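Chains as they are written, first to last, in the working numbering: chain A, 1 to 441; chain B, 1 to 345; chain C, 1 to 615; chain D, 1 to 393.
Incorrect hints may appear among the rest.
Capping the alpha-carbon separation at 30 Å, the derived lysine-lysine pairs in DSSO-like fashion look like this [stated by the list, open to error]:
1) C:Lys-282 to C:Lys-615
2) A:Lys-110 to A:Lys-142
3) A:Lys-323 to D:Lys-191
4) D:Lys-7 to D:Lys-191
5) A:Lys-332 to D:Lys-213
6) D:Lys-110 to D:Lys-121
7) A:Lys-98 to A:Lys-179
8) A:Lys-147 to C:Lys-469
9) A:Lys-332 to D:Lys-16
10) D:Lys-130 to D:Lys-7
11) C:Lys-158 to B:Lys-34
12) B:Lys-241 to A:Lys-10
13) B:Lys-181 to C:Lys-597
14) A:Lys-323 to D:Lys-95
15) A:Lys-297 to C:Lys-350
16) C:Lys-288 to B:Lys-186
17) C:Lys-425 to A:Lys-42
18) C:Lys-307 to B:Lys-72
19) C:Lys-425 to A:Lys-213
20) C:Lys-425 to A:Lys-47
21) C:Lys-418 to A:Lys-47
22) D:Lys-7 to D:Lys-308
23) A:Lys-139 to C:Lys-102
24) D:Lys-154 to D:Lys-99
25) B:Lys-181 to C:Lys-307
26) A:Lys-142 to A:Lys-42
27) D:Lys-130 to D:Lys-110
28) D:Lys-213 to D:Lys-130
29) C:Lys-239 to B:Lys-79
30) D:Lys-110 to A:Lys-332
31) D:Lys-188 to A:Lys-332
32) A:Lys-150 to A:Lys-136
33) B:Lys-58 to C:Lys-158
No lab work stands behind these hints, which were simulated from the structure alone.
Predicted, not measured: the structure shown is a model, and the values here were computed from it.
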Amino acid sequence: MSEEFKRTLKRFFTNPSALIGVTILIFFIIIAIFAPWIAPPKIPVNKNLEKARNLLENYSEENKYLIINELKNFWDDTYFFAEDDYIELSNLMETIAKFHNKEVSSNELKAHIKELTDYYILNITYYEKFDEETNKVIKNLKKEYNKIEKKYKESVISLNLINELEKIDGEEFVKQAIKVVSRFDKNFHEAIGFNPYIMPNVTTTRTPIPPSKEHPFGIVNQKDIFYGVIWGTRTAFEIGLVVVAISTVIGLFIGSVAAYFGGWLEEVLMRITDIFMSIPFMLAAMVLTTILGLGIKNMMIALIVFGWMVTARLIRGNILQAKNEQYVMAAKALGVSDFFIIVKHILPNTIFPVLINATMRIGSMVITAAALSFLGLGAPQGYADWGSILSYSRDWIIGGTNPTQYWFTILYPGIAMILFVIGWNLLGDALRDVFDPRMRH
Amino acid sequence: MTTYIIRRLLLLPLIILGVTLIVFSMSQLLGPLKLLSTYVDPNTYAKMSERDIQILMKQYGLTDPFPVRYGKWVKNLLKGDLGWSVVGKEPVLDALIHRFPYTIELALYALFPIIGVGIWLGVTAAVHHNSFIDQFIRIFALIGWSLPDFVWAILVLLIFYIGLGWFPPGNLSIWANQIVKSASFKNYTHLLTIDALLNGRIDIFWDALRHIIGPVIAISWLWWANLLRITRSSMLEVLRKDYVRTARSKGLPEKVVINKHARKNALIPVVTTAGQMVIGLLTGVVIVEMVFVRTGLGSFAATAAQQLDYASIMGVLLFTSLLLIIGNLIIDISYAIIDPRIRLG
Amino acid sequence: MKKFVFILLVGLLSVFAFSQVKNPDMIFDATLSEPDTLDPHHAYDTASGEVIFNVYDNLIAYDGGSMTDFIPMLSTVVPSVENGYLRDDGTTYVFPIRKGVKFHNGNDLTPEDVEYTFERGILYDPAAGPMWMLIEPIFGAFTVRDLVEEYVGASWDKIFDSKMNPTSKEYETALVNFYYDVIDPAIEVVGDEVHIHLVRPYAPFLNIICNGGGWGAIIDKEYSIQIGLWDGKAEGWWKYHGWTKEQSPLFDHAMGTGPYKLVEWDHAQQRIVLERFDGYWKGPAAIKTVVIQGIDEWSTRRAMLEKGDADIIAAPVQYLDVLKSMQGVTVIEGLPTVQITSLGFNWEIKPESPYIGSGQLDGNGIPTDFFEDENVRLGFAYAFDYEGMIDEILNGLGIHVPTALPEGFLGFDASLPKYTLDLEKAENYFRRAYRGRLWQQGFKMDVLYNIGNEERRVAAEILRDNLAKINPKFQVEVRGVQWPTYLDARENMILPVYIIGWLADFPDPHNFIFTYYHSQGDYGHYYGTKFVEFATLPRPEFGGKSLNKMIEDASLETDPYKREQMYVDIQKFVIDYALTLPLYQPLAIRVHRDWLKGYVYNPIWPGDYYYLYSK
Amino acid sequence: MMPENEKVILEVEHLKKYFPVRAGVFKRVVAQVQAVDDISFKVHEGETLGLVGESGCGKSTTGMTILRLYEPTFGRIILEEEDTTPWFMTTTEAKRYIKIMYADRFEKMKQEFGSLDEVIKNLNKEIDKKYAEIYFEQGETGIRQDMMKDLTEKRRYFRKNAQVIFQDPYSSLNPRLRIIEIIGEGMKVNKMGTNQEIRDRVAHLMEIVGLSKDYIYRYPHQFSGGQRQRIGIARALAVNPKLIISDEAVSALDVSIQSQIINLLVDLKNEYGLTFVFIAHDLAVVKHISDKIAVMYLGKIAELTLKKELFDNPLHPYTVSLMSAIPIPDPEVKKKRVVLEGDVPSPLNPPSGCRFHPRCPVAKEICSKEEPSLNEISDNHYVSCFFPGEFKI
């Protein structure tokens, strides 16, 4: 580690706003990382497996068959058709093979498919689209076969496991049964694909419910504010970091290409930048989100499309300055390629203002996204996102029977958001203080 | 300098063309049927036969290749035909013109307190660098900068309308509105306060003002934060300059040093920012207008977006972009006239 | 600087010390939305209806809050068999027109105005408008298009080119004759009377005529022709047909005989201003000015009520407690409505729908014909918590109904079986569906609601949570979209299920049963072509009649007892097959300032009748 | 003294570098700054050419143009018998260049001399002869093919063999790179060995330029100005170039360090037989290291000759005045200083005739009207003056 770097670090960490900013951000990072533990999502459980697990906890000999019964029920509910389907599809595969060898006519194959669709083994579209896209249908059928084969194999293994269990008793049984249950549990969860970002409804009452031990931040819109704030941290990082990172990279690319190559390319790129800058950011993001349709992803796209220009201008100005530095000339004289000159020599010396700017923008992006959510253009319903929770509280901010009755609906998500933005701004401020040469004396 | 101005003016059509191209390209993401709704009222074709819809699409050139479509669209634009606004229930252009004065009036009234207080805070912070006052103002700025505007706007409504009963939402009180809408009241500028004064109706003037102050407070904090940051850092820099030191060493009182020597020079970069702020205000009032039920461009855009009135939102976008372009042009040119160093830019 | 700020502040404060100017001569009604159009023959929403209701008069009206008793208005008599004004076995209605009634412009009301009004409305017959209600009883068809096509014997597209010009001379003559042969004889002026001839007796006709929502409103012929409405001639009537809302000059103009005249419609502020008509034939109203303004933000509406700036506000039920705690505010809860909120199934989802996942029965989506399976429908029916929804979400302001027929209507039978939350039953149905495969595979689909409609959102979430409880592999994502998107999606048949309300046009069971369960009904035709097959299939339950036929017959039955029985039979049938899930019949709440006097509630009215109010 | 028949490493012919001045609405070119206006010289292997002149006379531009950090406006730059001029041009530029520089010229000569052999005989440069033969056999395309093939190779060859030492020791080293990266970069780019080999060589070079090899992992800011200049020298040496252009390499340093660096350069030159173009604004600096000196004034060469000849017998008035500015470290010797009147005129609008005439103490009428050419007055002594030697101190 170089002296310069050490000195910079020292300057950075003796800067009070840097310290506060970094502390806040680390706090949020920890929350984001440990969200599943801080606010555990309610992952759905299978009733049979749940019962089996309960029985295992108070295990006694007579429970053994109850447990095995539950497991069998689970197996039935999951794999009842697996074998039949596998056989049927294997037959179909044979027919397809024959069809390829011209032993079977296309109509016969079609009839075979129809048979399977009647038993809901295959979707009707395979039959309907057969004539138009025969090859594609066959290709998809093979995929379908592979899927079912896999399922069938799993079903055989599962059944064996249950059968094995029947043969053992006592401690050993409990040990093995727990293993089997957790294996089934895993299969089950893979099958349902659970999204923890959707805040579950925890009540049916529509008025906000004040904080309690179970819901420490209270409830608004039937959603647990605590859960939303914790998981919303991840969303905030996602929106802020992804939008700023991508738009900064785009800006860097356009700005550095324009500055380094100059000429008409620069003229064109900078005019394009001008044009994008002539469109008001908030409105443009609003319009594009509206056109693309609601949702976090579309909102992020809109923010990126209209968020790269400042970086481009900044980096261009800096590069124009750096371009005439002698070390750049020297590198050119050594025959270093243009790309490496930009990446190795110019960018590292000009990127700091850009990074500072990017840091500051993270906060404002999160606010803009929240404003879009407030207008109903951002995050989807029930998505763990601070802006959404704040928009839930919009109708309660002015209070109920007294003006401060529903203080908690705005306080927690509001504080989370303000702190988050403040954190990034403090960090940006500090970085500027540390790296801005004018501030060094 | 003339060449600079001419160059800027010549670039203007190019920029405007570019903006229209971007807006148009965005609209093309909609797909033909939804696009049709930007030209005609969607109710028209809600129950139309497939054939009639096809005819309508052809009529509006939705089946043409991109450049032709764009050409037709621009031609319509030049004729002032921005399509039909479902939300406004009138042509988009009319809707924009009807709403524009409310926004501009709000922006104008917001400007003075924002600039005055913002600069005052910035200078105060810089003069008391690192003191308690400075830290306090910095925190004030930081919170203003980080506070989501929709939360703050509703809080302002809560405090100043429900709590104190001072600043009601809306454009005008009903009684005042009726007078304004009556034939005897002449609309010279369509800016309520100014028209009120011109008509000699001081009561309406106060009523209009009362309705403006709430939104102004709601927007101000963010811009204060913005402006005082720039002023502060610019002022700090100037205070370190040799001529200020010289002035000090001459034994001039601190007040004179700051007022005469430092502040003037520190405000040069602030002026540009202030110019951009006027434009920023025009487009940054979406949420405040929504909360305070002001019928300006911002609330129009928000409602249109919520009701998927594509023609209207694109109209607002084009309109405000145009404002932005012309505003920037005026700022740049006047700045070039004031400060010759800029001209090369 | 500081001094200046101080002076400014003092100046400002002194201004705001002004006390609020209260307006005893004005009513401010803060609503949710502004009218769609003020053309009485196009308006089909309550916001428009409310304005038209106060600006125009009908021939007859409901007597106060009653939905069955009529009082004469512009007609001096309410036609009935007893008084002899309902003739020809109930097919001719005779309306003697009141004398001395003036329009807002000073014109006298004449029987010709009435004739013109009905003919204009029928010939205009805009798409998605309300005129089918008059066309159906008078001509036995649903649209003028149908009538024309039948009369001319060619399809509409053949008769007219894209600019609405007849494609040939023969067609043109036929169209002119169409007016003379079909339209003109149906409504005729006889002396001071107007005679309306129906194609067959139709029980709810007076209900339709007397609705304040617009289609019964009487307009001024002279004024209308003057501003560009149909000129009253047979030649070229088609040029006035099917205009869009804004094409109609009556879109933002109004000229009625009602107690209030339209002063202004400010689109930007979503504001309607009405002013008392001093020449009203019943005598002028008490309140001089009425302002109806759409204010989207609840916080703002509430604040205005609290400050007394608004006299009446639209209030969602979740704020009931807040409203009840306010000073000087009257809250009436539990007002009956003639509405049903229901969940409809799409039997034939378009495969391109983005809301059905993979579109297959593979656990990642649903097949397009998912809801054709009655086990699935029944499974859904027992997976919704009807009581919970009403008790907790609606604050008790709802009625659990067996079918999409509101309480208080002919044929409503509280003893019919109702769906209830019964997860085991639901599980049984789901296990049966698709030969047991559905249970193994699970499904994934989206349920949409329009943003801002919290009841629909919560209903969807209740369904989602219960389905996941039955089987975690049943996965529903609740998605908010904007209202136009919602309507579009339904129109395009890409919604798997949709939650939607129906507000009665007239208080007759036909208006609900037909709408929901006939394959041509307003909602029935969204169930898809598979439902047409279903509804036209002869049924043993109906003695060999199809569902459609049964519904049509019930509307024509004149014996109230028999008619009621038929509706009960229909309802039993649709319950067994779970054609639609009636989630609840909402009960309304009403919020206004205490100082507003004279409030009368009639569920079938489109809104407030300000003529009755005083302050 | 090197004999004249030594191998020529660098030959510059009629080199011009104009910088366009853009103005107006469309940013049209309204004028040209004639920074370098038609200069020619040769540098032989192992020789050092000193390029001297006031600041702004175009000497640095000459250096940068030779290195192709600026594109020449006109002229030919020959490195080791190869015409390198078109190597860094775009295809269209190269086409134009070849047409003007070769095709047109040969065509004209063909008409003048008639036979092709005569033309070739009359050409006195090897390179011209070579291309003439190609031209008459294969036409213009032949030349083009010959010149433009393997461009990447050629560019790399050029970059490897022509190196530069910059003036400012502070801005010439990238502050974010370590010394090993700075010195080794050229080797890496030119693929001159494995990482290990490069490291060894960097260490070796550090010692050669008089720095400890332990420093190779340090950053530039940890060194003094003189040390940094040594690093700059090592960077140039690293790729084993044939030619090094030193652009005022010592002007930014303290006098004591200046001489250290110059001594180092002299040692290196002697040890490795390097060829230098040594640019300086001060005759005193050049005196020690150069074999040959060119004095530049306002984009043109005023006088060009061997060092000894120049100091013994300066012929151009400008050289004389420069010479008088050299301090002599002997207080006994009294020297008359010539102070030139007026400022250096703008290269944007150079004076008519002899560019020096407004400031020349011996200017006559003709000087303002005609432009003197660079004539060989005596053996290897070129002066561009109508009245050489007339001005003496």
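Tested hints:
no.: 1; hint: C:Lys-282 to C:Lys-615; result: 19 Å, holds
no.: 2; hint: A:Lys-110 to A:Lys-142; result: 15 Å, holds
no.: 3; hint: A:Lys-323 to D:Lys-191; result: 25 Å, holds
no.: 4; hint: D:Lys-7 to D:Lys-191; result: 27 Å, holds
no.: 5; hint: A:Lys-332 to D:Lys-213; result: 26 Å, holds
no.: 6; hint: D:Lys-110 to D:Lys-121; result: 12 Å, holds
no.: 7; hint: A:Lys-98 to A:Lys-179; result: 44 Å, violated
no.: 8; hint: A:Lys-147 to C:Lys-469; result: 27 Å, holds
no.: 9; hint: A:Lys-332 to D:Lys-16; result: 21 Å, holds
no.: 10; hint: D:Lys-130 to D:Lys-7; result: 17 Å, holds
no.: 11; hint: C:Lys-158 to B:Lys-34; result: 27 Å, holds
no.: 12; hint: B:Lys-241 to A:Lys-10; result: 27 Å, holds
no.: 13; hint: B:Lys-181 to C:Lys-597; result: 28 Å, holds
no.: 14; hint: A:Lys-323 to D:Lys-95; result: 29 Å, holds
no.: 15; hint: A:Lys-297 to C:Lys-350; result: 25 Å, holds
no.: 16; hint: C:Lys-288 to B:Lys-186; result: 24 Å, holds
no.: 17; hint: C:Lys-425 to A:Lys-42; result: 25 Å, holds
no.: 18; hint: C:Lys-307 to B:Lys-72; result: 51 Å, violated
no.: 19; hint: C:Lys-425 to A:Lys-213; result: 35 Å, violated
no.: 20; hint: C:Lys-425 to A:Lys-47; result: 16 Å, holds
no.: 21; hint: C:Lys-418 to A:Lys-47; result: 28 Å, holds
no.: 22; hint: D:Lys-7 to D:Lys-308; result: 21 Å, holds
no.: 23; hint: A:Lys-139 to C:Lys-102; result: 77 Å, violated
no.: 24; hint: D:Lys-154 to D:Lys-99; result: 20 Å, holds
no.: 25; hint: B:Lys-181 to C:Lys-307; result: 24 Å, holds
no.: 26; hint: A:Lys-142 to A:Lys-42; result: 37 Å, violated
no.: 27; hint: D:Lys-130 to D:Lys-110; result: 15 Å, holds
no.: 28; hint: D:Lys-213 to D:Lys-130; result: 47 Å, violated
no.: 29; hint: C:Lys-239 to B:Lys-79; result: 27 Å, holds
no.: 30; hint: D:Lys-110 to A:Lys-332; result: 40 Å, violated
no.: 31; hint: D:Lys-188 to A:Lys-332; result: 14 Å, holds
no.: 32; hint: A:Lys-150 to A:Lys-136; result: 21 Å, holds
no.: 33; hint: B:Lys-58 to C:Lys-158; result: 19 Å, holds
The earlier numbered hints that this structure contradicts are 7, 18, 19, 23, 26, 28, 30.
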